[in-house]
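Colleague: Chain by chain, the residues:
Protein chains: 2
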Amino acid sequence: MEQVREILDKALAEGRTGLTAPEGREICQAYGIATPGEGVAGSATEAAELAAELGFPVVLKIVSPDILHKTDAGGVLVGLKTEDEVRDGFERILASARAYDPGARIDGVQVQQMVGGGHEVIIGAVTDPTFGKLVAFGLGGVLVEVLKDVTFRLAPVSDEDALGMLDDIKAAQVLRGARGAEPADRGALAALIARVGRLVSDFPEIVEVDLNPVFADANGAVAADVRIIVGEPPAQVTRLSREVILGQMNRIFKPRSVAVIGASGETGKIGNSVMRNLINGGYQGQIFPINPKAPDILGLPAYKSIADVPHDVDVAVFAIPAKFVPAALEEAGRKGVAGAIMIPSGFAETGNVAGQQEIVEIARRHGMRMLGPNIYGYYYTPENLCATFCTPYDVKGSVALTSQSGGIGMAILGFSRTTKMGVSAIVGVGNKADVDEDDLLTFFEQDDNTQAVAMHLEDLKDGRGFVEAARRVVRNKPVIVLKAGRTAMGARAAGSHTGALAGDDKVYDDILRQAGVVRAPGLNDLLDYARALPVLPAPKGENVVIITGAGGSGVLLSDACVDAGLTLMDIPPDLDEAFRAFIPPFGAAGNPVDITGGEPPSTYANTVRLGLTDDRIHALVLGYWHTIVTPPMVFAELIAEVVAEERARGNVKPVVVSLAGDTEVEEASEYLYEHGVVAYPYTTEKPVAVLGAKYRWARAAGLLR
Amino acid sequence: MEQVREILDKALAEGRTGLTAPEGREICQAYGIATPGEGVAGSATEAAELAAELGFPVVLKIVSPDILHKTDAGGVLVGLKTEDEVRDGFERILASARAYDPGARIDGVQVQQMVGGGHEVIIGAVTDPTFGKLVAFGLGGVLVEVLKDVTFRLAPVSDEDALGMLDDIKAAQVLRGARGAEPADRGALAALIARVGRLVSDFPEIVEVDLNPVFADANGAVAADVRIIVGEPPAQVTRLSREVILGQMNRIFKPRSVAVIGASGETGKIGNSVMRNLINGGYQGQIFPINPKAPDILGLPAYKSIADVPHDVDVAVFAIPAKFVPAALEEAGRKGVAGAIMIPSGFAETGNVAGQQEIVEIARRHGMRMLGPNIYGYYYTPENLCATFCTPYDVKGSVALTSQSGGIGMAILGFSRTTKMGVSAIVGVGNKADVDEDDLLTFFEQDDNTQAVAMHLEDLKDGRGFVEAARRVVRNKPVIVLKAGRTAMGARAAGSHTGALAGDDKVYDDILRQAGVVRAPGLNDLLDYARALPVLPAPKGENVVIITGAGGSGVLLSDACVDAGLTLMDIPPDLDEAFRAFIPPFGAAGNPVDITGGEPPSTYANTVRLGLTDDRIHALVLGYWHTIVTPPMVFAELIAEVVAEERARGNVKPVVVSLAGDTEVEEASEYLYEHGVVAYPYTTEKPVAVLGAKYRWARAAGLLR
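Sequence lines, in order, name chains A and B.
Counting with this note's numbering, you get residues 62 to 766 for the letters of the first sequence.
Counting with this note's numbering, you get residues 62 to 766 for the letters of the second sequence.
FYI, nobody ran anything at the bench for these hints, they're computed from the structure.
Take these hints with a grain of salt, some might be off.
Copies of the same chain look alike in the list, so a pair counts if it works inside one copy or between any two.
[To be verified] Restricting the straight-line Cα-Cα distance to at most 16 Å, the calculated cross-link-like pairs of lysine to aspartate or glutamate (EDC-like) are:
| hint | residue 1 | residue 2 |
| --- | --- | --- |
| 1 | Lys567 | Asp624 |
| 2 | Lys481 | Glu725 |
| 3 | Lys142 | Asp369 |
| 4 | Lys122 | Asp149 |
| 5 | Lys601 | Asp523 |
| 6 | Lys231 | Glu206 |
| 7 | Lys601 | Glu87 |
Just so we're clear, the structure is a prediction, and the values are computed from it rather than from any experiment.
Okay, chain A solo, but in the shape it has when bound (with noise of 0.2 Å):
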């Protein structure tokens, strides 16, 4: 530790941001990360000697301070088998450098093992300015620079979570030993990977290193290249406590009162919409409009000031232009408010930094806690709570959705009224000047009437701290995250190659799979998945059945599956013998179970019974044909029954349906997920999507091991 400090402290102040070969050498030592051992001999024997100690074959170096272009002098000679060969290389070297220039001083010859057998790899780390430091790990060559076939992790990690590095890269075969070659040994490289980790975490100063290329085979791993890059260390990010937290937002989501500032009972303004969305929401709690020039709005008294409220404020909606927001801030922070809802534009998005930056000084300075700015406002309906312009939303449920954008928030009200999506929770968070998803995680997390977190989100502003609130979250309930600006890769100027493959999304992706968070592929998926992951039941194992009257649907659903990362059971034999009593002779067992298209209700019945009951499939996905023998709303009541009944004796699994039909499909669809088996019609895709996420979120939450 003292050597890497006294490497780091001198090259800090000399101004370097590189550090050389040796003292990168030095450090990886001192963290016992194998390098190419060498040493400097001074005659034939002892380079001999040396050669012999550090194993064979090894490269010769001439080493003078007069010859800069050592390959030009002969003085370079590689691969070197034995003793005698080190001997005769020794004096050869020596003899060409003299030739070349018989005034050159020097020092010896270097003696270097010579590394290069086995699998090449990359392992480095760098300093996202979201997550902080990472560390990489990918293949060496055309693997990591055509294909990016990299991975990345937060530092430090353990040793467990390094050895699942080298399965999360595609080419991951590789090290296993495919095509015959060698397998590299494992625990050397996830030691290495921590080891690196470790060094980063220790020292912030360490903005990039580059192990490249890494040489591992069956006995170990050896950084044949080092480059260590130096500079600023990433600020500190201070957070709060999470029981402050939760005092603030307790208050926040379950406020006594609330005062509107620019309320209003002119139609149209936005502080008329506020109003009218709080009352007829029907919040119970106290709500004070302020507004200097009216007596009374919506039948309120109304109070020219939030000082003047003779009643303690928790929550301050500001439904006032960006000019007038600092000195009603300053009043309502006074006043002991918790949560400001920060309603109105004209801050960060337009340009307008400072202003945003006063605001949040306020806030902090009052210990306020501010949402937005520029945002709807927020929704929590276990307290009829709509504090926003837009439209109020009563169905009650256990997802909460949060969004960045206001338009992506208006597509969760509008998905969410047409398809009655039960919702606790719906909440902007635009600028994040202030309030952002760790703090809204952080009162989810404990919220009994929150049982699944859906979020828009196109940055964060403390990645650590999202993943942090996320893993504690994920233990309990999902978490659905869609990312935007997926594809926007930010040129980023990097030093090293490590950094150079760091592009925004594929960090993004992988730091959100290590957080354990579902990754929504894009904005409907991510309304889907919140209506369904509370209704799904969690599944208790792997093993996914399909069960289909149509053949066709059978092969689709098939597809789909492997898509989503299911697994098809390999259905037992007293198990298809089970399944083939059901069906008629030419239809198939095994998996998909094809009951065939001309079926009466009953054979649907018996082999989804048989589904929910035998222990050990997990999961059903159905595939249903509409004929005349089963019409869609026959197959839509009877299977919610026989679904019911079996949860009631306690063989709870996930179902999930796909229709095939004329539109009374699209009823039965309706019919069958208001009873908790999520259906859709006119899409194979859909419904095994949604058990797959379920299935994500159950492996992130150790659930399946």
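On the provided structure of chain A, position chain B as indicated by the hints.
Modeller: Same frame as chain A, now just chain B:
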């Protein structure tokens, strides 16, 4: 050619499936495929001369019938770089061999060009059960073996197509000289691929070819190892001429008369549903119910047998059990029926392969075409023809849909009805015992009522016939294909490396793309593409511009554009300025053009009109954000109007819209769709995905070159 013929005949006569290495090399030479030069030398001088001729470095190998293990005998030397080294090497090898076995007969020393520089690639050919002869290309080593980075084309391939293959692998950059490597001689590689394609096309009994590895550098490409497998050539497919197929299909889709074999007056019977659908669907030709017992059915005179019908019959719809089909089909054939619509199941799909073969033969004997068996029937809306037991469908339009599965057919029907999708035809192909996708494509190609074709398929009977037909259609109309069974990569017995790489789906994917087909990833995509593609005009260039009221949607729409392979236009300064004139100062021009959320309808109208009139822009993606200032229907009506006005002025460009807002955006989306603007609520992905599909077709049709 003769030389190759002889080698193959000899191998086949000897019952061999594999050719020897010298046989393989000889075949390669006959086709101009470079293999390492070689020869046998009897003396050191001869060896040195031979080596100079072949080019250095070379490999020397002892040639002796008595020495099996050449290396053990010191009989192999590699990497000899000069004539002296070769001369010296010749003597050393001879000495070693003699020392190893003094009695061994020695025929000389083989001198072989040593290859191995540049890039290692694999070039091969396989015989696919669906598509016949295919050529394959991939990068050698880990890339093909672990990452399966390989591409296929129908053999033979043109040099131009072969060049395209080099860019079709993920690691294509490598051959262009990524990482400072020497670029490969692309012409030589393409020529080599083309030659392999010619070879397997000329000699169908060559079932697999493996050139692995091929070494390619800047000066050429040499096949270092050759493996050729011979066997049964694939069966010749007999195809009807286009004229014959058209004559048949026109009688089937535009029949003057339809007989219903098994017509019934009894509700619930298939023969009753078919009759009612024909009558209620509004079919204007003659309808002849066939039923041995009833004098009339639904008011129409019935006949005991089709033979009794006193008119010509174009189409006979079968609604009788399988066991009665052969006799009735025979009668239909004698009657001169053009098309037998074989609704009954109970044939190959239940294992009754012989029964299916029997009816195929009956149909063939009479020159009658058969659709099915095991289908729901077919619809052709221009003739008001609903020859099906499902419900009638009457929304006329320009997309023809076909499905191999009845369940998928029902999903097509339900989706069509609920989205009011205009359809020309819906056709069930079921077991495809006779009529298949090729026949239907041949009809739809020349059918003016059809402007796009969407097909669900699980397999192809004649892959080459399909590709041929699809290529013709694609020139004028999009062909969309949902290939089910993507992930069921059947384990295939393969004697070569290339064979093992030819997983079903990879082959389908490459060949369908080569045919210009737009592949839909799932059922819902198939339906959405089918609905949207005829509505969207074809783009005239690659420049896509996003105009959005919600910054958040803009980011997601950009992500979606990259996912869909669309090019976000780099907006030139004058155009940027023109957009800026319409938007607030804190709005963002560039691309997306962010008009910001609070804007009135005129801002949408002005920017969209600019996008439609500027010739450098080829397609628009709009992001709408629901506000009080611009409510959803105001936006929808205005955009529909602007688009219609500009279309009337000749500014015809595809416009797609993503609407974020409360439930009113659903009605607005429908309104827009009905007015030729493809629009979806609550999703940023779908509008861009369908635009991407339109672009894929436009590129395949050569419209964007």
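Colleague: Does each hint hold? Answer for all of them.
Modeller: Structure-based check of all given hints:
In this assembly of identical chains, the alpha carbons of Lys567 and Asp624 lie at most 16 Å apart only when taken from different copies (15 Å versus 20 Å within one copy). In this homomeric assembly, Lys481 and Glu725 come within 16 Å of each other (Cα to Cα) only across copies, at 15 Å, whereas the closest approach inside a single copy is 19 Å. For the homomeric pair Lys142 and Asp369, neither the shortest alpha-carbon distance inside one copy (90 Å) nor that between copies (97 Å) is at most 16 Å. In this homomeric assembly, Lys122 and Asp149 come within 16 Å of each other (Cα to Cα) only inside a single copy, at 13 Å, whereas the closest approach across copies is 30 Å.
Taking the shortest Cα distances, Lys601 and Asp523 never come within 16 Å of each other, neither inside one copy (34 Å) nor across copies (45 Å). Taking the closest pair of Cα atoms, Lys231 and Glu206 come within 16 Å of each other both inside a single copy (14 Å) and across two copies (12 Å). Taking the shortest Cα distances, Lys601 and Glu87 never come within 16 Å of each other, neither inside one copy (50 Å) nor across copies (61 Å).
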